[in-house]
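> Since the structure of chain X is provided, determine the placement of chain H on it from the hints.
Protein chains in written order, with the numbering used here: chain X, 899 to 1362; chain H, 899 to 1362.
There may be inaccurate statements among the hints.
Intra- or inter-copy, both count: the list cannot distinguish identical chains.
[Unchecked claim] With a straight-line Cα cutoff of 20 Å, these simulated SDA-like cross-link-like pairs (lysine to any residue) come out: (1) K1104 / T1092; (2) K1185 / P1202; (3) K975 / T998; (4) K975 / H1346; (5) K1138 / Y1099.
Read the hints as simulated data drawn from the structure, not as lab findings.
2 protein chains.
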Amino acid sequence: MANAGGTSTFIIILTRDSVRTDRRTITMKQTYISEVAAHAGESVTIKGWLYNVRSSGKLMFLEIRDGSGIIQGILPKNAVPEAVWELAGTLTQESSVIVTGTPREHPKRPGTFELDVAEIELVQLAQEYPITPKEHGVEFLMDHRHLWLRSKRQHAILRVRHEIIRAVRDFFDNDGFILADTPVLTPAACEGTTTLFEVDYFGDEKAFLTQSGQLYNEATAAALGKTYCFGPTFRAEKSKTRRHLTEFWMVEPEVAYAELDDVMTLAERFLSFVVQRVLENRQEELKVLERDTAKLAAIVPPFPRLQYDDAVKMLQQGHADGKVENFFEWGGDFGAPDETFISGQFDKPVMVHRYPAQIKAFYMEEDPTRSDLALCVDVLAPEGYGEIIGGGQRMQSYDKLISRIAEHHLPREAFEWYLDLRKYGSVPHAGFGMGIERCVTWVCGLDHVRETIPFPRMLNRLRP
Amino acid sequence: MANAGGTSTFIIILTRDSVRTDRRTITMKQTYISEVAAHAGESVTIKGWLYNVRSSGKLMFLEIRDGSGIIQGILPKNAVPEAVWELAGTLTQESSVIVTGTPREHPKRPGTFELDVAEIELVQLAQEYPITPKEHGVEFLMDHRHLWLRSKRQHAILRVRHEIIRAVRDFFDNDGFILADTPVLTPAACEGTTTLFEVDYFGDEKAFLTQSGQLYNEATAAALGKTYCFGPTFRAEKSKTRRHLTEFWMVEPEVAYAELDDVMTLAERFLSFVVQRVLENRQEELKVLERDTAKLAAIVPPFPRLQYDDAVKMLQQGHADGKVENFFEWGGDFGAPDETFISGQFDKPVMVHRYPAQIKAFYMEEDPTRSDLALCVDVLAPEGYGEIIGGGQRMQSYDKLISRIAEHHLPREAFEWYLDLRKYGSVPHAGFGMGIERCVTWVCGLDHVRETIPFPRMLNRLRP
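Just chain X, same shape as in the assembly (with noise of 0.2 Å):
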């Protein structure tokens, strides 16, 4: 068999009666594996891929996929002239195909929708398929993520992260917000300069890859109201944990004349809507990826909102119950296992807010009631994610804000513009940042957050 190339060309075709070879153009109407419930008892004719082929010798059963879903086309061997299913036997997993038949409701399956194969055009035979069903290495299937992405669990995690970005997106923009994107390519730090990609900017000077719109955001937010940035964003840290990329797509909305406390009632809304948008439109992706929906379902406000004080108290119980294994000391940030607790107390995100201000950025807002902490916000996921939204209230006074970038160390120059925001009708807002890879790794309950993107960035990952 011949690879097919160009628009119109010799192709193999396998009709009932027949192979034959054929000039044939494909252009005729594809019908998607998603759609044929509507065409059952039609004619219909499936453009992509053969995912699986099995024969029980008199029966050839081949799945056959189009990235809209997956249907198994039955071919009988007594229908069809020796010829035929030899050929059609010969076959290989991943050879692209159109298969022209006619879709009939499984027997004893209603909704599930076979195809009764009428002719097949092979239009490439593939070469043998690196990722078999047997079991592969991460390695190698990160190396192969190009196929990867082709295989059944793969499709259900983008599917899910498609309906997670679109609800995000649909959120903010029914909310009010405007999208007023801020830059990739930045002159300065948001947080510290040893986790920044450096970009050389036309020899004149070096550009760093952004760590988070908020600065950017806070100007639009002083324009506009109600924005919200959503892009990817990069931190150069050398961690391999199960939770970090190099580059991830982060979320961030950001308020004018809000407070600590509109933002917190702004994350819960938003995450509820999130999740249960998905619960409502991929059901079907979510039990391929056998998630337990129960524990999505209880996504709904108000979530448990604990004082970081109070939460250092939770850690320090749960190590006199032997629960926690290290003493936890007020004034440290948490780690991994200490939110694993501390999110372990609830079946929702608890919102852990006013933590110590030494542990916290620059430009967070001070508690007026006690300036050793910080008007900010980390929600930790529940059943162990750990943190996926970060915020809290801004500095808003330029005094204090001046102070606080002299504190940091933090070249004053760099911040001017960011000043000005202070000097021309300063207002309290805030806002936060939610990364959306953590947000899928959570929802379709996976152990690893490389999955949640079509082509990951990590410490020792470039490629494909």
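Relative to the frame of chain X, chain H by itself:
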């Protein structure tokens, strides 16, 4: 008057009876200016900034903006004590204010609301605002981009941008496409390396900022059938034109089992949908921009399709008629004046297809009837806006693609994964890319692309 900082503080309140300094929290219910029509005759609180103030001697007119719109507040002198009147007169442009009053429809302009001001709280008195109603130079405005964004014109442009991006996503989401984000950090260049930004990837190797997600899209389309990516892309071009940004957003759909004609049809459906959506929802913004909307109303399918050969004849005829300065030789790529002339012959976007293969990228499918032509298309926007979409059918044959990679002196090892897509079930497939900022420039009728993104990045512009 003192700055206000923190969540609850001393702020100056001007009421109709007095000036008092009081401790208030500013979390009272906020009504956005965009919503006042529903609250005519009621007392509402608007939280925003002073856009402009003028006084007639007896009446003070305070233009207040809150990001959702602008409303004129009216304060009669004889209704307030002298001290209130005088203090109100000292409020500076962009001071942050919380204004309580009663919206009232303008007696002569139905649909326009004014606010009878009852009380003004000053949140912060702005320092002398650098951007005044007088004319400023472009560089000055670009240096103050974080503040310039507060103007009516920039609001209108950013809202049209928001609408375009939303329409783009709705179009593809509702058409069965799956969003599959492609990476920004890439190991190899799509089309040559001279215009690439280089990134140090953990000292081990070089990464490059993506110029297009297309190669990755081809993998995701083979997995999911119909996909799109939509994110920032980068070109380190040393071009200082009104059409170039170094960082811009691009949407790129890719369809398996699609050919050139299919994506031309997709492009015209897509572009029409986007333009009509802006016309539906952003009339007010287009009015601010003084856009001739009749020209946009004409953007409906079908679009004229013009083979490159015929476009060349058109240019040569134009030259003979004295309307095109230089004689255009078959085989070259169109320059801006050529595109302007061609698109000037039509009142809709024109789809120029089948360019010479030699001036196009290595991955373009060849025309089966003329192997010197590529199955590609550029969509040129009307009114001289030039190319906004580029796309075409991708090389399907493994062997031909290998030859092309060699002819273009590209390192084959970098493309092994891409070649895999032709080893394992190669199918005809096609797609295109549209630059968002060029689309916004056209739809808004702007002279320069720099205003179409909140923080533009150009050859000499990395700040703010």
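> When the structure is checked against the list of hints, which entries are broken? Sort them ascending.
2, 4
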